[in-house]
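Chemist: Listed below, chain by chain, are the residues.
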Amino acid sequence: MSRRVRRLAPALGLVPFFGYLTIFLLIPTGAVVVGAFVEQDRASLSNIRALGDEVVLRTLWHSVVLSAESAVVGAVLGGLLAYAVVTGRPDGLLRRSVTSACGVLAQFGGVTLAFAFIATLGFSGVVTEAGRDLLGIDLFGSGWLFGLKGLTLVYTYFQIPLMVIVFLPSLDGMRVQWREAAESLGASTWQFWRYIAGPLLLPAFLGSTLLLFANAFAAYATAAALVSQGSPILPLLIRNALTSEIVLGQSHLAFALALDMIVVVVIVMTLYALLLRRTSRWLR
Amino acid sequence: MKRTVRSAALIISAVAVSLGAAACGGPPDKDSGSDTKASSATSAKDLGGMDALVKAAKKEGQLNVIALPPTWANYGKIIDAFEDKYDIKINSAQPDAASQDEINAANTLKGTKRAPDVFDLGQSVALANTSMFAPYKVATFDSIPEEFKDPDGTWVNDYGGFMSIGFDTTKVPEVTGIDDLLGSEFKGKVALNGDPTQAGAAFSGVVMASIANGGSADDIAPGVSYFEKLKKAGNFLPVDPTPATIESGQTPVVIDWDYTNAAETAKLPSWKVVVPEGAAVGGYYYQAINKDAPHPAAARLWQEFLYSDEGQNLYLGGGARPVRADAMKADGTLDEALYAKLPEVQGDPVLLTEEQTKTAADYLSKNWSKVAG
Numbered sequence: 001m002s003r004r005v006r007r008l009a010p011a012l013g014l015v016p017f018f019g020y021l022t023i024f025l026l027i028p029t030g031a032v033v034v035g036a037f038v039e040q041d042r043a044s045l046s047n048i049r050a051l052g053d054e055v056v057l058r059t060l061w062h063s064v065v066l067s068a069e070s071a072v073v074g075a076v077l078g079g080l081l082a083y084a085v086v087t088g089r090p091d092g093l094l095r096r097s098v099t100s101a102c103g104v105l106a107q108f109g110g111v112t113l114a115f116a117f118i119a120t121l122g123f124s125g126v127v128t129e130a131g132r133d134l135l136g137i138d139l140f141g142s143g144w145l146f147g148l149k150g151l152t153l154v155y156t157y158f159q160i161p162l163m164v165i166v167f168l169p170s171l172d173g174m175r176v177q178w179r180e181a182a183e184s185l186g187a188s189t190w191q192f193w194r195y196i197a198g199p200l201l202l203p204a205f206l207g208s209t210l211l212l213f214a215n216a217f218a219a220y221a222t223a224a225a226l227v228s229q230g231s232p233i234l235p236l237l238i239r240n241a242l243t244s245e246i247v248l249g250q251s252h253l254a255f256a257l258a259l260d261m262i263v264v265v266v267i268v269m270t271l272y273a274l275l276l277r278r279t280s281r282w283l284r
Numbered sequence: 001m002k003r004t005v006r007s008a009a010l011i012i013s014a015v016a017v018s019l020g021a022a023a024c025g026g027p028p029d030k031d032s033g034s035d036t037k038a039s040s041a042t043s044a045k046d047l048g049g050m051d052a053l054v055k056a057a058k059k060e061g062q063l064n065v066i067a068l069p070p071t072w073a074n075y076g077k078i079i080d081a082f083e084d085k086y087d088i089k090i091n092s093a094q095p096d097a098a099s100q101d102e103i104n105a106a107n108t109l110k111g112t113k114r115a116p117d118v119f120d121l122g123q124s125v126a127l128a129n130t131s132m133f134a135p136y137k138v139a140t141f142d143s144i145p146e147e148f149k150d151p152d153g154t155w156v157n158d159y160g161g162f163m164s165i166g167f168d169t170t171k172v173p174e175v176t177g178i179d180d181l182l183g184s185e186f187k188g189k190v191a192l193n194g195d196p197t198q199a200g201a202a203f204s205g206v207v208m209a210s211i212a213n214g215g216s217a218d219d220i221a222p223g224v225s226y227f228e229k230l231k232k233a234g235n236f237l238p239v240d241p242t243p244a245t246i247e248s249g250q251t252p253v254v255i256d257w258d259y260t261n262a263a264e265t266a267k268l269p270s271w272k273v274v275v276p277e278g279a280a281v282g283g284y285y286y287q288a289i290n291k292d293a294p295h296p297a298a299a300r301l302w303q304e305f306l307y308s309d310e311g312q313n314l315y316l317g318g319g320a321r322p323v324r325a326d327a328m329k330a331d332g333t334l335d336e337a338l339y340a341k342l343p344e345v346q347g348d349p350v351l352l353t354e355e356q357t358k359t360a361a362d363y364l365s366k367n368w369s370k371v372a373g
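Line by line, the protein sequences give chains A and B.
Residue numbers for the first sequence follow the UniProt record's numbering, beginning at 1 and rising by one.
Residue numbers for the second sequence follow the UniProt record's numbering, beginning at 1 and rising by one.
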């Protein structure tokens, strides 16, 4: 075997991965970009122009707000939980149970999650019924669970555990010695957090928040199962453009909307990569 | 990142839809659609009469239907009756799909054995896709009123109904008109079957609200502001009603076609259905044969069955108004007992033309988000 072949051999193992990437990422992305600029088999900017439409802009705004809210709430609560876990014993029960629970819950999404919430907080949900019988209050109201507010709550449910998973390694990277060094030099707790831990953890924290944002921004199945009236967020507006039996011929608008989403996610993921680079310098 | 994968799947399905047959259709099956005689037949006579059609259909042995919910217009029983009568297996795909899904599926599966043989479509989707239909005249074609069929039989209305309000008398007070629903007893209880910018039934619900509030077939703005009021009162329940939500009491009031609402009375005795006085909005569904049907003879036999007295009375059994009702009444073949059970309709029924539907759809797509957020 020549030296060149031997050097290339390990790369062969990546071929299935790149094949997968091509089929499920590059080709669809290409098709979306091309499709967004086509109308009735001809090149056209009409769908791109339609992105400036009031309804589309409002939906984009809703999508961004929903993703940001659930990401920030998830990041703060998840971050606190992760810190609580890290202060415990590394092989303790708390840590083991929390991390494995988070592993499961972060992936507990889609239709199952939506129905779990409907069974809990829906019109005849367990908690709703209990609230009616025991406290005499109507938690269900006018069906807030099936709108944007409901989505924020349900998304937060899977954001918190995801935050724990992605943020825990950064907290683990903090050395006890750094704290000891700071203390032996006379630093107070506040000073330690203000000048050492804070700056070290901030990029990782912001990066994780961005990841949560992207995660919520692209979520579809949960929202689709929950929201049947209107299309408050972009993935649902895409569904509407593809399946509506009232407003026809919008399949290329769906491409344009998907392109809209790709642009937002690309921006977010670029920021994420930049932040990650900053953090990795320290936490090696 | 399961959810990211899901959005990728969504995008891929978007691609699949647009690339249609080119990307996803497999090679045509040799054993299906081979009977070219059946796929070009425009009546049973072309094949040598009804017996020959039955024989050809039995030889194919299968029929693909799509988007026919068993609880909708009695389709569950209709499918059983057809299977029993002709010993042909019916493959019912995606019972809860929308009309546009039927067309998408036909495009995506074109040339394969799994493509739908027949369609049951809402008005706008049907009229926008007539180039995909095979013209065919059933034996009873002449007894179908002119306005409910294409002269060549490219499409024929099969059954229709009126927009109605269904309500559970154990949960809410008696309803007579649409404005009753604005009262405080209906807080969080009024559901519309679907999103009116997406589903035909919900769309007609908005038209009904419009006509009851001084609008017309040309002007549905009052319908949208009615739902805005309903939402402001906290009465609009943004849940998609299904038989399950109705029977479990999650959707105590449902605005839907009278036949789907009527189907619930059999299972829930306290369920009542009214067509609001002076706001009768009618709607007929469109039946058509897929031009590229993999089982062309069975598809034609299915049409013959649906428009036979037996098929039409089966629709009636589900509370839907069969398109041949008047002719059958004259012939004495209509099941009068079932016909008498249909909700009463007062005032002139309103049926939207294609043009009016389009104008209304435009208005809705711009303004419905005010209601639904």
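Just to be clear, a hint being listed does not mean it is correct.
To be verified - Only pairs whose alpha carbons sit at most 25 Å apart, straight line, appear in this in silico PhoX-like list of lysine-lysine:
1. B:Lys-366 x A:Lys-149
2. B:Lys-85 x B:Lys-45
3. B:Lys-37 x A:Lys-149
4. B:Lys-37 x B:Lys-77
5. B:Lys-77 x B:Lys-187
6. B:Lys-341 x B:Lys-329
7. B:Lys-110 x B:Lys-89
8. B:Lys-329 x A:Lys-149
9. B:Lys-370 x A:Lys-149
10. A:Lys-149 x B:Lys-232
11. B:Lys-341 x B:Lys-366
12. B:Lys-231 x B:Lys-45
13. A:Lys-149 x B:Lys-291
14. B:Lys-229 x B:Lys-267
For the record, the hints were derived by calculation from the structure and aren't laboratory data.
Chemist: Assess, step by step, whether the Cα of B:Lys-229 is no farther than 25 Å from the Cα of B:Lys-267, and give holds or violated.
Modeler: With Cα atoms ~32 Å apart, B:Lys-229 and B:Lys-267 exceed 25 Å; violated.
Chemist: Given the hinted pair B:Lys-341 and B:Lys-329, is their alpha-carbon gap at most 25 Å?
Modeler: This hinted pair holds, its Cα atoms lying about 15 Å apart.
Chemist: Holds or violated: B:Lys-110 and B:Lys-89, Cα atoms, limit 25 Å.
Modeler: holds (20 Å)
Chemist: Would you check the hint for B:Lys-77 and B:Lys-187, treating anything up to 25 Å between C-alpha atoms as holding?
Modeler: Between B:Lys-77 and B:Lys-187 the Cα gap is close to 36 Å, so the pair fails against 25 Å, i.e. violated.
Chemist: Are B:Lys-329 and A:Lys-149 close enough, with their CA atoms no more than 25 Å apart?
Modeler: violated (53 Å)
Chemist: Is B:Lys-231 close enough to B:Lys-45, meaning Cα to Cα at most 25 Å?
Modeler: With a Cα-Cα distance of about 56 Å, the restraint between B:Lys-231 and B:Lys-45 is violated, given a limit of 25 Å.
Chemist: Would the pair B:Lys-366 and A:Lys-149 pass a check requiring their Cα atoms to be no farther apart than 25 Å?
Modeler: Status holds; Cα separation ~22 Å.
Chemist: Mind checking the alpha carbons of B:Lys-341 and B:Lys-366 for me, to see if they're no more than 25 Å apart?
Modeler: violated (39 Å)
Chemist: Check whether the Cα positions of A:Lys-149 and B:Lys-232 lie no farther apart than 25 Å.
Modeler: holds (16 Å)
Chemist: If you draw a straight line from the CA of A:Lys-149 to the CA of B:Lys-291, is it 25 Å or shorter?
Modeler: violated (46 Å)
Chemist: With the threshold set at 25 Å, check whether the alpha-carbon distance from B:Lys-85 to B:Lys-45 stays at or below it.
Modeler: With Cα atoms ~21 Å apart, B:Lys-85 and B:Lys-45 stay inside 25 Å; holds.
Chemist: Take the C-alpha atoms of B:Lys-370 and A:Lys-149, compute the straight-line distance between them, and say whether it is at most 25 Å.
Modeler: At roughly 16 Å apart (the allowed maximum being 25 Å), A:Lys-149 and B:Lys-370 satisfy the hint.
Hint compliance for this structure: hints 3, 4, 5, 8, 11, 12, 13 and 14 are not met, and every other hint is.
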